[in-house]
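Work the whole structure out from these sequences, hints included.
Residue numbers (full-length UniProt numbering), protein chains in the order written: chain H, 1 to 499; chain X, 1 to 329.
By construction, these hints were calculated from the structure, which means they are not laboratory data. Only a predicted model underlies this, so the values are computations on that prediction, with no experimental measurement involved. You may find that some hints are simply not true.
Stated by the list, open to error - Non-contacting residues of chain X with respect to chain H, defined by C-beta distances greater than 10 Å in every case (computed):
no., residue
1, P106
2, L134
3, R202
4, I316
As the list claims (entries may be wrong) - Pair by pair, the computed Cβ-Cβ distance ranges are:
no., chain 1, residue 1, chain 2, residue 2, range
5, X, G311, H, A90, 51 to 61 Å
6, X, Q211, H, T482, 56 to 66 Å
7, H, Y395, X, L188, 20 to 30 Å
8, X, L134, H, D341, 25 to 35 Å
9, X, F192, H, T482, 47 to 57 Å
10, H, P372, X, R222, 49 to 59 Å
11, X, Q211, H, A15, 20 to 30 Å
12, X, R222, H, F206, 49 to 59 Å
13, X, L188, H, S325, 48 to 58 Å
14, X, L35, H, K435, 52 to 62 Å
15, X, F192, H, A90, 43 to 53 Å
As the list claims (entries may be wrong) - Here are the simulated BS3-like pairs of lysine-lysine, each with C-alpha atoms no more than 30 Å apart in a straight line:
no., chain 1, residue 1, chain 2, residue 2
16, H, K272, X, K221
17, X, K276, H, K428
18, H, K366, H, K283
19, H, K435, H, K380
20, H, K47, H, K65
21, H, K224, H, K189
22, H, K283, H, K435
23, H, K380, H, K366
24, H, K366, H, K389
25, H, K260, H, K47
26, H, K47, H, K435
27, X, K276, H, K380
28, H, K389, X, K276
29, H, K260, H, K224
30, X, K276, H, K260
31, H, K428, H, K272
32, H, K224, X, K276
Ideal Cβ placement from N, Cα and C applies to all residues, glycine included.
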Amino acid sequence: MSKLIMRGVSKAYGATLALRRGDLTVEAGEVHVLIGSNGSGKSTLCKVLAGSVRPDGGEILIDNKPVTITGPHSARASGIGIFYQELSLAGHRTVAENICLPDMPGGIFVDRAALESRAQRYIALFDTVSGEGFSAEAVVENLRADQRQLVEIMKALATEAPITIFDEPTSALDRAQVDRFFDILRDLKAAGRSIIFISHRMDEIFAIGDRVTVIRDGETVGTKNIADTNPGEVIRLMVGGQDELAPGASAPPAEAADRKAPVLTVSRFFGKGFANVGFEVAKGEILGFGGLHGQGQSAVLRAIFGATPSNGGTLTLAGSTFTPSDPRAAIRRGLAYVSGDRSRDGVIQGRPILENVTPIHYLRQKLFLARPSALAERVKPALEALHTKFAGLGYSINSLSGGNQQKIVIARWLIDRPDVLLLDDPTKGIDLSAKADLFALIRQLAAEGMGIVLYSSEDAELLNNADRILVFNGGAVRRELTGAERTRYNLYQAAYEAA
Amino acid sequence: MTAATQTPAAAPSPVLTFLKQPLVVALTLIAALLLLGEALSPGFASGQQILRLLIVAALLGIVAAGQNLVILGGREGIDLSVGGVVSLSAIIGGNLMNGADSGILPAILGCIAAGAVIGLFNGLGVTLLRIPPLVMTLGMLGVLQGLLVVIRNGIPSGRAAPGLSQFVTQPFLFGLPGIIWLWVAIGLLMAFMLGRTVFGHRIYAIGSNEQAAFMAGVPVKRTRIALFMLSGAFAAVAGMCLIGYSGSSFANVGEQYMLPSIIAVVFGGTPLSGGKGGYTGTMAGAVLLVVLQSILTTVHIDESGRQMVFGATLLILMLFYGRGRAMRA
Numbered sequence: 001m002s003k004l005i006m007r008g009v010s011k012a013y014g015a016t017l018a019l020r021r022g023d024l025t026v027e028a029g030e031v032h033v034l035i036g037s038n039g040s041g042k043s044t045l046c047k048v049l050a051g052s053v054r055p056d057g058g059e060i061l062i063d064n065k066p067v068t069i070t071g072p073h074s075a076r077a078s079g080i081g082i083f084y085q086e087l088s089l090a091g092h093r094t095v096a097e098n099i100c101l102p103d104m105p106g107g108i109f110v111d112r113a114a115l116e117s118r119a120q121r122y123i124a125l126f127d128t129v130s131g132e133g134f135s136a137e138a139v140v141e142n143l144r145a146d147q148r149q150l151v152e153i154m155k156a157l158a159t160e161a162p163i164t165i166f167d168e169p170t171s172a173l174d175r176a177q178v179d180r181f182f183d184i185l186r187d188l189k190a191a192g193r194s195i196i197f198i199s200h201r202m203d204e205i206f207a208i209g210d211r212v213t214v215i216r217d218g219e220t221v222g223t224k225n226i227a228d229t230n231p232g233e234v235i236r237l238m239v240g241g242q243d244e245l246a247p248g249a250s251a252p253p254a255e256a257a258d259r260k261a262p263v264l265t266v267s268r269f270f271g272k273g274f275a276n277v278g279f280e281v282a283k284g285e286i287l288g289f290g291g292l293h294g295q296g297q298s299a300v301l302r303a304i305f306g307a308t309p310s311n312g313g314t315l316t317l318a319g320s321t322f323t324p325s326d327p328r329a330a331i332r333r334g335l336a337y338v339s340g341d342r343s344r345d346g347v348i349q350g351r352p353i354l355e356n357v358t359p360i361h362y363l364r365q366k367l368f369l370a371r372p373s374a375l376a377e378r379v380k381p382a383l384e385a386l387h388t389k390f391a392g393l394g395y396s397i398n399s400l401s402g403g404n405q406q407k408i409v410i411a412r413w414l415i416d417r418p419d420v421l422l423l424d425d426p427t428k429g430i431d432l433s434a435k436a437d438l439f440a441l442i443r444q445l446a447a448e449g450m451g452i453v454l455y456s457s458e459d460a461e462l463l464n465n466a467d468r469i470l471v472f473n474g475g476a477v478r479r480e481l482t483g484a485e486r487t488r489y490n491l492y493q494a495a496y497e498a499a
Numbered sequence: 001m002t003a004a005t006q007t008p009a010a011a012p013s014p015v016l017t018f019l020k021q022p023l024v025v026a027l028t029l030i031a032a033l034l035l036l037g038e039a040l041s042p043g044f045a046s047g048q049q050i051l052r053l054l055i056v057a058a059l060l061g062i063v064a065a066g067q068n069l070v071i072l073g074g075r076e077g078i079d080l081s082v083g084g085v086v087s088l089s090a091i092i093g094g095n096l097m098n099g100a101d102s103g104i105l106p107a108i109l110g111c112i113a114a115g116a117v118i119g120l121f122n123g124l125g126v127t128l129l130r131i132p133p134l135v136m137t138l139g140m141l142g143v144l145q146g147l148l149v150v151i152r153n154g155i156p157s158g159r160a161a162p163g164l165s166q167f168v169t170q171p172f173l174f175g176l177p178g179i180i181w182l183w184v185a186i187g188l189l190m191a192f193m194l195g196r197t198v199f200g201h202r203i204y205a206i207g208s209n210e211q212a213a214f215m216a217g218v219p220v221k222r223t224r225i226a227l228f229m230l231s232g233a234f235a236a237v238a239g240m241c242l243i244g245y246s247g248s249s250f251a252n253v254g255e256q257y258m259l260p261s262i263i264a265v266v267f268g269g270t271p272l273s274g275g276k277g278g279y280t281g282t283m284a285g286a287v288l289l290v291v292l293q294s295i296l297t298t299v300h301i302d303e304s305g306r307q308m309v310f311g312a313t314l315l316i317l318m319l320f321y322g323r324g325r326a327m328r329a
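Here's what the structure looks like:
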């Protein structure tokens, strides 16, 4: 009898089918690995189980009894605990309070003694590896990143749930801490508990997992015994039949042969979320950043643009060395940055299209007056190049669809051409025709001599559009894929390599 | 291709849209209040009386111009120190003039400089020290009130120059006093600045989405500091005009401007969350408040009663515009 069975679970967000047919069977006393590329649906499957997402269809059985999970509370009641990848700690509270947060001892008033003693049980598990300053009374805010991650783990352990989900629990931990954590997982396994483990480190998966389930394009494609498989086979399952470059994908352009002088050079670049990153972009080249979500790709682009601080590195743009300070300085130097999070970083909400498309032009041309008729003439070519549809420049940007809003935001960078265009997952949440327009334009801009860096969380976009791909893993470039090496298999292999 | 231009959901009828515009609402209310005043006390809406109301409205309107800019700039922007600046400016101006026309120019320059410096401190506190504007400008108000007591030791001092009094109270051009022309000029200048200059577009950008503005190279901090400086300068100009209107300054003359300047802005269609609106509506809002105040005086409601009415007005306005805010978020 299996501890947990999920059958045919599906979930759509609007028109996007995030999960088509998710199947997962977990036994009591096993560590079950869940693996899949960006957007494959593995997170959605976990969220369904954790109660943070309501599924559209499918069934869930625990101990052979059908259960309906309506929210995080009912997930807990059904015996499911979860470790959250994004830190969900209360920073101002102590370690002990955080560990016991899901289930505070005592009634209206917290029973301090019970709280301390219960927390101490889990703190003791990591006694040898938790490091200096780690205690029940320590305030979480003052801890190091790895120590905070340990608190997260303890919090998940403290739920004592028969089924516990660990979503990338080791990203900040050092070797000794991971080893200790795995020992604890083995103890739990021996006690008959079920662990669902998500990681992007192949070595860890093979060190701790009993079985692995692979999800691709919203469907479970297979479950293997770890003992009977190898990393290559797992990656091939993730890739499926989609290995070769899609039709119409650019063969390496002619320019790549006689690679032109680099327009942007980055070396020994350090910052929050990445370390020792170095690369070159040539004029007319589209350099792709790939790998799993959040491996430093965005962080590097934002730091180059000066939107977030960096510490150390040599950056050269069109022959002159610079230190990133803020976006204003970057724009003046000839850098452009398009964020995928347009509502946060791009759109000036509630304002006319004209005001949304002109700010870069104002800055680069040092304008003082904003004459609508003259500006309309200047912005027209950029908007036409992207096939932007709008009623008039005086209309609010909120009257446009998401794809057209993003086109307006991109168009603002094209009125005065930058030397290098940094694209940070620019197609997030926009429709297919807008994507096609965008990539056609990007290729054209490159052909006209612009250097382009493209980070995309959609692997197909990357494989189809980038001339060269740098695969990020754990905040560093793990591998460079050029020419015929640009395959999904190589991309996943590098993305899942030991960091 | 379905991604065509979408019309905003549930487009209301054009007539209704027109009637709901803050400016139209304010003008209608002004007319209604004038009629009501005339009914309560004949002569209320006479030409002479309306002119007097407009002078008082101009004083409030000039203060509200600065208030409007700070509020447009967003991030909970508000300037509670305007009243203190008005009072301080009246004293500085009164003492620099001391009843002589030759002192007008130094007084104007001195007052504007003082107002701008106070605004600079507000702006630096809000941007560099990240003190919330409400707290920063409230603290500044406290400092200014203390300063007023120290400077004057409680004794009124300083007199307006006759030229200034004439400018504020006597017909200057086409039968209207100079201060009304000044106000009109400020109105035109504000409309030009907000609509046709890069600086104006930056104000809306930081008020609407500060992060996006930052990513698009807008000097967010510098712009916000400039807004507070302009607010201080406008309040200082109003303080100068005020002493021209009343002849001499007395304790805390500016205090009465803080709340009404905010109400005028909100009435004029600029939400407290910033990023949209403009000054034309604020001008109408200022006139409306002055007419309302005058009616309350006519029916013998004293100062404390008037304050209560004003406070309640602001709260009712928030109720109305609160929905618009929620839609933006």
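Structure-based check of all given hints:
1. P106: At about 30 Å from chain H, X/P106 clears the 10 Å cut-off, so the statement holds.
2. L134: Answer for X/L134: holds, closest chain H Cβ roughly 23 Å.
3. R202: The claim breaks: X/R202 does not keep its Cβ more than 10 Å from every Cβ of chain H (closest is about 8 Å).
4. I316: holds, 24 Å
5. X/G311 / H/A90: 51 to 61 Å: At roughly 37 Å between Cβ atoms, H/A90 and X/G311 fall outside 51 to 61 Å, so the hint is violated.
6. X/Q211 / H/T482: 56 to 66 Å: Between X/Q211 and H/T482, where Cβ atoms are some 36 Å apart, the hint is violated.
7. H/Y395 / X/L188: 20 to 30 Å: For X/L188 against H/Y395, whose Cβ atoms are near 26 Å apart, the range 20 to 30 Å holds.
8. X/L134 / H/D341: 25 to 35 Å: holds, 29 Å
9. X/F192 / H/T482: 47 to 57 Å: holds, 55 Å
10. H/P372 / X/R222: 49 to 59 Å: For H/P372 and X/R222 the Cβ distance comes to about 25 Å; the hint is violated.
11. X/Q211 / H/A15: 20 to 30 Å: The hint (20 to 30 Å, Cβ to Cβ) holds, given that X/Q211 and H/A15 are roughly 28 Å apart.
12. X/R222 / H/F206: 49 to 59 Å: Distance hint for X/R222, H/F206 holds at roughly 55 Å.
13. X/L188 / H/S325: 48 to 58 Å: Given a distance of about 38 Å, which is not inside 48 to 58 Å, the answer is violated.
14. X/L35 / H/K435: 52 to 62 Å: Hint holds: Cβ distance 60 Å, inside 52 to 62 Å.
15. X/F192 / H/A90: 43 to 53 Å: Holds, at about 50 Å.
16. H/K272 / X/K221: holds, 24 Å
17. X/K276 / H/K428: This hinted pair holds, its Cα atoms lying about 28 Å apart.
18. H/K366 / H/K283: Holds, at about 26 Å.
19. H/K435 / H/K380: OK: H/K435 and H/K380 at ~20 Å, within 30 Å.
20. H/K47 / H/K65: Holds. H/K47 to H/K65 sits at ~20 Å (cutoff 30 Å).
21. H/K224 / H/K189: Distance ~18 Å between H/K224 and H/K189 Cα, so the pair holds.
22. H/K283 / H/K435: Answer holds: H/K283 to H/K435 is near 23 Å, not above 30 Å.
23. H/K380 / H/K366: This hinted pair holds, its Cα atoms lying about 20 Å apart.
24. H/K366 / H/K389: The given pair, whose Cα atoms are some 28 Å apart, holds under the 30 Å limit.
25. H/K260 / H/K47: With Cα atoms ~47 Å apart, H/K260 and H/K47 exceed 30 Å; violated.
26. H/K47 / H/K435: OK: H/K47 and H/K435 at ~28 Å, within 30 Å.
27. X/K276 / H/K380: holds, 25 Å
28. H/K389 / X/K276: Distance ~24 Å between H/K389 and X/K276 Cα, so the pair holds.
29. H/K260 / H/K224: violated, 47 Å
30. X/K276 / H/K260: violated, 47 Å
31. H/K428 / H/K272: Holds, at about 23 Å.
32. H/K224 / X/K276: violated, 58 Å
In this structure, the earlier hints numbered 3, 5, 6, 10, 13, 25, 29, 30, 32 are contradicted, and the remaining ones agree with it.
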